[in-house]
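The whole structure should be built from the sequences, with the hints applied where relevant.
Counting with the numbering used here, you get residues 780 to 929 for the letters of the sequence shown.
Hints are supplied without guarantee of correctness; some may be wrong.
[As the list claims (entries may be wrong)] Cβ-Cβ distance ranges computed for the label pairs, FRET-style:
{"hint": "1", "residue 1": "A828", "residue 2": "D850", "range": "51 to 61 Å"}
{"hint": "2", "residue 1": "Q846", "residue 2": "I880", "range": "44 to 54 Å"}
{"hint": "3", "residue 1": "D850", "residue 2": "G886", "range": "50 to 60 Å"}
No wet-lab data here; the hints were simulated from the structure.
Yeah, the Cβ is synthetic: ideal placement off N, Cα and C, and Gly gets one too.
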Amino acid sequence: MATEFSPIHSEGAPWTPINGHTAVEDPAAAAQHSADIADMMAGRCEGHAARAHDSADSAEHYAGLAQLRADAAEFSASRADLNADSTRDAVAQVRHMTHAITMLALGVLIGFLLAVLAYVVMVLVLGNTGPTPRPHNVYDNHVTLPANSY
780 MATEFSPIHS EGAPWTPING HTAVEDPAAA AQHSADIADM MAGRCEGHAA RAHDSADSAE
840 HYAGLAQLRA DAAEFSASRA DLNADSTRDA VAQVRHMTHA ITMLALGVLI GFLLAVLAYV
900 VMVLVLGNTG PTPRPHNVYD NHVTLPANSY
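Here it is in structure tokens:
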């Protein structure tokens, strides 16, 4: 093994032996070693390229999933808007029905109160208790007929 220093390295690092030989001693071994390193680097590059391709496929897949999630969120938002509109319409219908029932109840109550007021005015204030009764017809046989028989 040679112990001479590499003229390429300015720091003075020794040559790394290749299969027990330095590049100075065996240029064919150095070329073979360089070819082996190049093959190894090519294999690594292929592995990196395959991983990059897989990562790109994964990214595309996740982008598709994100688009699906966005579409689902948009659909949910539109459903929420429709549900809010439906709920608002239902509340308005209930409010209108409540107002109608309240108005009907107030009309019945006011009608009842007016009837009571009319009764009070007629009976208590005017002293009128109703229609004047017709006199009974009395005949010679002293039989009194009811008022509605003519």
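task: Please write out, lowest number first, the hints stated earlier that are contradicted by the structure.
output: Per hint list: single violation, 1.
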